[in-house]
Structures are given as structure tokens and as C-alpha cells.
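For the record, the sequence lines run as chains A and B. Residue numbering for the first sequence follows our numbering, beginning at 1 and increasing consecutively. Residue numbering for the second sequence follows our numbering, beginning at 1 and increasing consecutively.
For the record, the hints were derived by calculation from the structure and aren't laboratory data. These numbers come from a predicted model, not from an experiment. Warning: the hint list may mix true and false statements.
Residues from chain B shown here face chain A by an in silico Cβ test under 7 Å; the list is partial [to be verified]:
no.: 1; residue: Gln8
no.: 2; residue: Ala15
no.: 3; residue: Asp45
no.: 4; residue: Leu72
no.: 5; residue: Ala73
no.: 6; residue: Arg74
Per label pair, the in silico range of CB-to-CB distance [claimed, not checked]:
no.: 7; chain 1: A; residue 1: Pro129; chain 2: B; residue 2: Ala62; range: 46 to 52 Å
no.: 8; chain 1: B; residue 1: Asp156; chain 2: A; residue 2: Glu94; range: 51 to 57 Å
no.: 9; chain 1: B; residue 1: Gly214; chain 2: A; residue 2: Phe48; range: 37 to 43 Å
no.: 10; chain 1: A; residue 1: Phe291; chain 2: B; residue 2: Glu56; range: 20 to 26 Å
no.: 11; chain 1: B; residue 1: Gly214; chain 2: A; residue 2: Arg227; range: 27 to 33 Å
no.: 12; chain 1: A; residue 1: Glu280; chain 2: B; residue 2: Val86; range: 19 to 25 Å
no.: 13; chain 1: B; residue 1: Gly166; chain 2: A; residue 2: Arg227; range: 33 to 39 Å
no.: 14; chain 1: B; residue 1: Asp156; chain 2: A; residue 2: Asp42; range: 50 to 56 Å
no.: 15; chain 1: A; residue 1: Lys172; chain 2: B; residue 2: Ser70; range: 43 to 49 Å
no.: 16; chain 1: B; residue 1: Gly214; chain 2: A; residue 2: Gln123; range: 17 to 23 Å
no.: 17; chain 1: A; residue 1: Lys172; chain 2: B; residue 2: Ala62; range: 51 to 57 Å
Virtual Cβ for every residue (Gly too), placed ideally from N, Cα, C.
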Amino acid sequence: MSQERPRAGIDLARSRARSEDEDRGEGGVVTTDTVIDVEHLDVFYADFKAVGGVTLGFPTNEITALIGPSGCGKSTVLRSLNRMNDLIPTARVEGTVAYHGRDIYADGIDPVEIRRRIGMVFQKPNPFPKSIHDNIAWGAKINGFRGTKVEMADLVEQALRSAALWDEVKDKLSESGLSLSGGQQQRLCIARAIATQPDVVLMDEPCSALDPIATLRIEELMLELKRDYSIIIVTHNMQQAARVSDNTAFLNVSMGETGQRTGRLVEFSPTDQLFTRPREQATEDYITGRFG
Amino acid sequence: MSEHDTRQSFDEQLADTKKGALALGGLVLENTRRATEAMLENDLDLAQEVIAADDEIDDRYAALEHAVFSTLARQQPVARDLRFLVALTRVLYDIERSGDLAVNVAKGLVRRDGYTMSPDIHGLLARMSRGAADLFAQGLDALDSLDAAAGRRLDDADDEVDDLVGELYSAIAAESGGMGFDLAVELSRVGRYMERIADHAVNIAEHVTFMVTGSFPDDLPPGVRDEA
């Protein structure tokens, strides 16, 4: 059981054989094709085990969707990928989360640096109450950007262009970020996240507060961004997972003997397969809407 | 369709569509059998009934197609529901085409004002037409019970109909001097129509295999294999 790391499209046996081979060479954790590898992840809030035994690898430069019913632990898993759970005093993580092969929970790892490299976009757009320009510049400065004014202007433009927002805001960079529409605010938050030059962007229900058109714009943006970033998205919207993701992980709630509810990974498959030919009955029941 | 009731109305739509497809298949099966009887008995009145019955088949086919498209658009099905509905559109097509082939048999009979044939050819046509209708009935049974194994089974059983067509063509060739060119062509066509009905029956069963398992018995959709 020590080396199971299911990857989408690779069955467990093959995955295990491969990782054992490579482990011998590296003496560490496999990172081929994956940017984050989670192994036997348990997340506790005080004594409550919210997530148990999650093992999977997130492929590089692909979009991976986490889906599942409320309480299945998908947001908990997402937040454990950049140590966002550290901010909750009772939260505790067991198992490993390896980013480029290094356990982000190991001693001596700086969580701020982890969050710079693994950015996050939240459900509700949350720009700072500052100008559009400063929303980008602030984050970059806090994260150690020491360039000139011109270099900063460049960074702001690049981030806004990457987030497909530049054309809409280039003439009003000094206006408040809060003056933008919901969809624009969310793209501003994406720009802010990528201004610190991460290589992974986590998105927690990034479109649930947006109308369908704004949602489609974010989805298009995600497809653009995956050229440069690995994207992991939690979504309640199964059609969204089906539209944008390359791989989908389905998590479900399992009941323990004493009635405690723990989130577990049920299936991790290429999205195309999961929505046409899921391997697990529980996945089939969930995605076809037959949850009892 | 499920012990859960979170999508009861959707399940009812799926069940209704399937019932509709089976009912349509029943009409086509009946018309195939009547076309066979008309052809073997030289019953021109019965042939006219076969031709007239096709309007209802076409109308029901159009309505079912519409129902499937509407369900696809409105329910956005995935997994087994998606496989069922997409494969069902193909099944409906196979059923409707079979209906047209039965009508072709009847029209040929009317056009010639009845057939004259030797007992040998009569016997071969009877056996292969009944074989085709029997396969078609089995295809509908496969849909009814969602029998994943039926695809391969019917494909094997179809060999018998194919062999009979070969025998029929040989017999027609041997007698063609006596019966004349036009009749030889007409009777060959009847054989071909019945052979195609049997092929559509196999297609139906293979689409059922896809509905249940997500893949075809030979990994290729029927149309691709037929044309290969």
C-alpha cells in the first residue's frame, strides 16, 4: 500500500510498478508528469477526520477537477495543497503533499513561499479595496517583487493580459478593483494570483457567484492558462468539470462505524472517461444524479 | 430504472422513450412478417397494407427522434444515460430503415403484380425472410432486457441468413434463363432487403451492447464494420 498513486488513465497496478522503479532511482517521490503528488492524505479538524486516505497525482499543465457532494472534502483537499488549512488552528494534516517532489509539510518549508508558488482563487471574488493596478502590485510586492516602476507596470500588464482583463481595464487602472463586475473581479483575482508567478493555480468554486457568460469567460481563460499553469478546480457544477477539465477526481462521503462522515477519493479518471464510462458505480450514481 | 428517486421524471422519460422504440420495433417486425407473407403468397392486398402502414412508422420515428434530442438538450445526460440515448438514436434509425426495406419488398411485389417462382427459390426466400424477422425480434428483445451479450450472439446468428442469401443468388442464377432478367433482379433484391433487415437487427443488438458496456463487441460501431 505504500506507493499507490493513481493517475488518471493509468491503472493502479501500472502506476505502482512505475513509481517503485522511479523511487529507487530518485529515493524520493515521483514527479514525472505530475506537479503535486498527494499520498495517504488525512485532514483532521480537531478530532474530526474530514478527509481520509486520499492518494492521487495532479498532472502538470492540465486542469484537474475535484467533484463530489457537499461535505465530501473536496475543498479541504484543495486547501491542503498550498497549506491554506494552516490558517485554521485545529486543522492537522497527515500523509504527504509533494510539490515537485518536496513535501510541503516538511520542517523548514515556508508556507508563504508555498502559497506564492501555488496560488489560489476563491469562490467569491475578493479584490483588495484598492486600485486595479495595486491589486496586482501589492501581491507581487508582498511576495518579494523588487523591480522598478516600469518593471512593475510591465508585470501588471502581463498579469492582466494573461487573465484576459487588460483590454477592459487598461484605461482605468487607478479605479477601484471593487468597481468592476463580478466576472471582472474574479479575473482580477486570477491576475493577482498569477502575478506572483506560481506554476499551480487552485480554484475553489471560482464561478459559483458568476452569471453564465462570466462563467464561460473564466472557463475559456482556464483553458488558456493551462499552457503555463497546472490548474486544480473544485466545482459543484458537473457540466463545468466536464467542459474544462482534463481529469476528474470524484470524492464521496463515507460513513464510519461510529457514524462519522469522512471524505474519500472514489475515482480519478480522464474526464472524458469519467463522464461517459465511469469505473465505479458510486461515480455513475453521482454524475447521473441518482444519489440516494 | 433505479432504486433512487432523485431523477424520477428523467427516469420516466428514459423508460417512455425505450417503450416507444420497442413499440415502433413491434410495428416494423409485424410489417416485415406481413411483407414476407404477401411475397410468398402473392397477396397484393396485404402488400398494399404493408405500404400504407409505413406512414405511422415514419411519424412515430420522427416523434421519438425529437423526444431523444429534447432529452439530450434538457437533461444533459452523462454516463449510462448518455450512452443509452445516443445509442437509441442509432437503434431508432435501424428500426426505421428496416421498416423501409419491408415496404420495398411489398412495392416490388405490387410493381410486378405478383411473383412467379420455383419451389426451390420460394423455400429459400421463406427461410431467409423468416430468419431475418426472427433476428429482428431478438434485437428488440435485447433492447427490452438491455442484454449486453446479444450483440455478439446476433452477429454469429446472422451468418445463417447470409449463407441463405448466397444460396438464393446461386439458385436465381441457375434459373435466370427461364425466369427472365427482370424477375431475376427483383427476386435478388428481395433477398438483399431481407439480408439488410437481419443486418439492422445485429446493429440494434450491438448498440445495446454499447448502451450497457460503453464499447462495441468488435470495438467498432456497426456502420464502420459493415463498410470495411
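Okay, the hints, checked on the actual structure:
1. Gln8: This interface hint is violated because 10 Å lies over the 7 Å limit.
2. Ala15: Violated, because the Cβ-Cβ distance from alanine 15 of chain B to chain A comes to roughly 14 Å (cut-off 7 Å).
3. Asp45: With a minimum Cβ separation of about 49 Å from chain A (threshold 7 Å), the hint on aspartate 45 of chain B is violated.
4. Leu72: 13 Å, violated
5. Ala73: 13 Å, violated
6. Arg74: Nearest chain A Cβ about 13 Å off; hint violated.
7. A:Pro129 <-> B:Ala62: 46 to 52 Å: 59 Å, violated
8. B:Asp156 <-> A:Glu94: 51 to 57 Å: 55 Å, holds
9. B:Gly214 <-> A:Phe48: 37 to 43 Å: 38 Å, holds
10. A:Phe291 <-> B:Glu56: 20 to 26 Å: With a Cβ separation near 40 Å, phenylalanine 291 of chain A and glutamate 56 of chain B fall outside 20 to 26 Å, so the hint is violated.
11. B:Gly214 <-> A:Arg227: 27 to 33 Å: 31 Å, holds
12. A:Glu280 <-> B:Val86: 19 to 25 Å: Holds, at about 22 Å.
13. B:Gly166 <-> A:Arg227: 33 to 39 Å: At roughly 58 Å between Cβ atoms, arginine 227 of chain A and glycine 166 of chain B fall outside 33 to 39 Å, so the hint is violated.
14. B:Asp156 <-> A:Asp42: 50 to 56 Å: Check passed, 52 Å falls within 50 to 56 Å.
15. A:Lys172 <-> B:Ser70: 43 to 49 Å: 45 Å, holds
16. B:Gly214 <-> A:Gln123: 17 to 23 Å: 34 Å, violated
17. A:Lys172 <-> B:Ala62: 51 to 57 Å: 55 Å, holds
When held up to the earlier numbered hints, the structure conflicts with 1, 2, 3, 4, 5, 6, 7, 10, 13 and 16 and fits the remainder.
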